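Colleague: Protein sequences, first through last, are from chains A and B.
Be aware that the first sequence starts at 1, since it is given in this note's numbering, and climbs by one per residue.
Be aware that the second sequence starts at 1001, since it is given in this note's numbering, and climbs by one per residue.
These are computed hints drawn from the structure, not numbers from a lab.
Small disclaimer: the values here were computed from a predicted structure and weren't measured.
Note that beta-carbon positions come from the ideal geometry of N, C-alpha and C, so glycine has one too.
Worth double-checking, as some hints may not be accurate.
Simulated coverage check for chain A against chain B, where a stretch passes if three residues somewhere in it have a Cβ under 8 Å from a Cβ of chain B [what the hints assert, rightly or not]:
| id | region |
| --- | --- |
| 1 | 15 to 27 |
| 2 | 37 to 43 |
| 3 | 122 to 128 |
| 4 | 131 to 144 |
Heads up, simulated DSSO-like pairs for lysine-lysine below, C-alpha to C-alpha not over 30 Å straight-line [as the list claims (entries may be wrong)]:
| id | chain 1 | residue 1 | chain 2 | residue 2 |
| --- | --- | --- | --- | --- |
| 5 | A | K40 | B | K1044 |
| 6 | B | K1044 | A | K39 |
| 7 | A | K39 | B | K1072 |
| 8 | A | K101 | A | K112 |
| 9 | B | K1044 | A | K112 |
| 10 | A | K40 | A | K112 |
| 11 | B | K1044 | A | K101 |
| 12 | B | K1072 | B | K1044 |
| 13 | B | K1072 | A | K101 |
If you want the building blocks of each chain, they are given just below.
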Amino acid sequence: MQRQDVIALVFAVIVAAFILGTGQWAYGNLYGPLHNYSKKPLVEIVSANATNIDGHTYLVLNVTDVNGPDAYQTSVPIIVVSNSTFSLTLNSTQIYTQTVKIVQAPWNLNKKDGVSGVGGLELWLGAEAAYTIRINQLEPGQYTVTLYVPEVPAVSTSFTVSAGA
Amino acid sequence: MEKTEVINGLGSYVPAVYLLPLRIGVGWMWLDGGLRKLVLAPQKVNPSSASFVLGKFVTFLPHAGPFEAFLKYMLENPSLGSPFLIVYSVLELVVGTLLIIGLFTRLAGFGGALMAASLAPAFWLGSTCEDEWQIGSLLVAGGVVLMLSAAGRKYGVDSYLYKRFGDRGVLNTGILRHIKLW
């Protein structure tokens, strides 16, 4: 075996290991189920809490999108707040008009999460923001907030409405 | 046959000139990346612009694994991230130009392979196919081939350097001796 053969084989192994390793990590190409995290969005609710102030409930939703395409935003056009005896549905227009504040995560450099009358909450992949949404006052207690994203299962979490000021 | 040719185990030859399309292809990929950011659309490296490319790093975050902390640090400190981006873009220009004209081809191939590997945190992104992974992997493999084969010694400036100086390492010491300039 010539010196060139050894060098070529060594680098072929390095390149193959890199390609196979990253392919497995990124897409499961070698074993286990195939995956592609940039196909469909996956919205996560990082936290949810609410406070009653001056006759309104201020729902603070900290949300992020951890899967899906990177070229455009993921939309959350419907939000439902409910408990065993109550349900409130906000459509995209209501989400837009009733969002009073958006606090961006410090790493949202120029990909700022936003809100629109068409898409509701609009989330960039990887970005994170806390939306404050003003709704009619809820009775203090435990509620569930559910976010509906087109073509993927809804996500929900529970939160407590405190009496506040 | 000249020393500029790669001899395979079957006794046949792969003239270095056959690697010219790869040199130009890989070189142009890098050159184009640098040209877009630094020349054609310089707002891409302007931190106050909405087009600032560093901002796109946020989309790498969710599955960046061990690179997540570094990416967040860059995003939260754009005054550091901006010079990093400019240096990277200049390197793209330099590596691309060197590969195309065949100057310091082996070193440029080595550098290009390392730069392509550094894109790994984005490899999971590919909404239509396995885009980033395929691009990065092919640039790594292409860079390694150009590094090993001394592809610039045919139709490249390296041919003159090789004829005049022979083989030269980056430095005549340790492992750097084995990283050839051309």
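Colleague: Provide an ascending list of the numbers of those earlier hints which the structure does not satisfy.
Modeller: 4
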